[in-house]
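There are 2 protein chains.
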Amino acid sequence: MANDVNFILDPRLENDTILIKDLKLSKLLLMNNKLYPWLILVPKKHNITEIIDLTPPEQQTLLSEINQTSTLLQKIYNPDKLNIAALGNVVSQLHIHLIARYKNDITFPKPVWIDDRKEFYSEKEIADIKKKIIR
Amino acid sequence: MANDVNFILDPRLENDTILIKDLKLSKLLLMNNKLYPWLILVPKKHNITEIIDLTPPEQQTLLSEINQTSTLLQKIYNPDKLNIAALGNVVSQLHIHLIARYKNDITFPKPVWIDDRKEFYSEKEIADIKKKIIR
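Chains as they are written, first to last, in my numbering: chain X, 1 to 135; chain L, 1 to 135.
Don't take every hint at face value.
One copy or any two copies: either way a pair holds, since identical chains are not told apart in the list.
Okay, derived cross-link-like pairs now, DSS-like style, lysine-lysine, Cα gap no bigger than 25 Å in a straight line [what the hints assert, rightly or not]:
#, residue 1, residue 2
1, K45, K21
2, K103, K34
3, K45, K103
4, K81, K27
5, K81, K45
6, K75, K45
7, K75, K27
8, K110, K81
9, K21, K103
10, K34, K110
11, K45, K132
12, K131, K24
Keep in mind the hints are simulated off the structure, nothing from the lab.
All chains, please: the whole structure from these sequences, using the hints.
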């Protein structure tokens, strides 16, 4: 999958997240908010806002990266439920949220986007998460 | 794709929606709330709560049904943005929301799940939507 030279990560996504890893199609980002285990996939494609804007092979890769990321979240966090969503009402650049939810997290059963609270990770916590995800 | 004889639509989904059509894998439902053009896909599989619980061929069919439904929503409603999500915090039976959003809808840019308001469709409106979707 050729890299799209015109792709630039939206500055709001860049600001809110930490790069974990470049996958084949997407950047795998960690939302810098320790209230929820929350990863984001951003296909490295210029000017794409909807999943159906991707070509069929890109969609296949995205599905596979969603599966990989889901499996990771389940293995690392053992959540009660995954929340997977492509919304993009604020940042229109296509990005897929993958969030590990617990029945006793502070917002359950409501979706996390209603909650404006944020707690940043420490450098040490980020390094630990990266190690768990990348190995 | 063999029908799963043990599949029963969750009673809350059944209560909140209108059946539009049985697709190969999923039931295509219309959320009975005219505040948002809102369709739901429910794979007819027993005891499945996550996309990764589906087999690879089932996932392929789901992706294709998400594409079909997205195209339909764009064609019929010409939205500013699609919102596609598998949450399942309240109803754990796997179901995918596909919602046509407008920059001037009553909740934008927030996700629709924060809004408890509901306005039911009339019989005539339901018949019109079915006609548009099924043709």
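| query | How do K21 and K103 come out at 25 Å by Cα distance, when the copy is not named: within, between, both, or neither? | reply | neither (29 Å within a copy, 33 Å between copies)
| Quick one: K45 to K132, C-alpha cut-off 25 Å, is that within a copy, between copies, both, or neither? | neither (27 Å within a copy, 33 Å between copies)
| said: When Cα atoms must be at most 25 Å apart, do K81 and K45 count as within-copy, between-copy, both, or neither? | reply: between (29 Å within a copy, 18 Å between copies)
| K45 and K103: within-copy, between-copy, both or neither at 25 Å Cα | between (35 Å within a copy, 24 Å between copies)
| Alpha-carbon proximity between K75 and K45, which holds within one copy, between copies, both or neither at 25 Å | between (29 Å within a copy, 24 Å between copies)
| When no copy is specified for K103 and K34, does a C-alpha distance of 25 Å or less occur within a copy, between copies, both, or neither? | For K103 and K34, only the intra-copy Cα distance (16 Å) is at most 25 Å; the inter-copy one is 30 Å.
| Intra- versus inter-copy proximity for K27 and K81 (alpha-carbon distance at most 25 Å) | Cα proximity of K81 and K27: in one copy and across copies (23 Å, 22 Å).
| 25 Å Cα cut-off: does K75 pair with K27 within a copy, between copies, both or neither? | within (20 Å within a copy, 30 Å between copies)
| query | Taking 25 Å as the upper bound on the Cα-Cα distance, should K45 and K21 be classified as within, between, both, or neither? | reply | Close inside one copy (16 Å), not across copies (34 Å); limit 25 Å.
| message | As a check of your reading, is K131 near K24 (CA-CA no more than 25 Å) within one copy, between copies, both or neither? | response | Answer is within: at 19 Å inside a copy they meet the 25 Å cutoff, but 41 Å across does not.
| query | Checking K34 and K110: alpha-carbon separation at most 25 Å within a copy, between copies, both or neither? | reply | Cα proximity of K34 and K110: in one copy and across copies (17 Å, 21 Å).
| request: Since the copies are identical, ignore which copy is meant and state whether K110 and K81 lie within 25 Å (CA to CA) inside a copy, between copies, both or neither. | output: Close inside one copy (12 Å) and across copies (21 Å); limit 25 Å.
Of the numbered hints listed earlier, those contradicted by the structure are 9 and 11.
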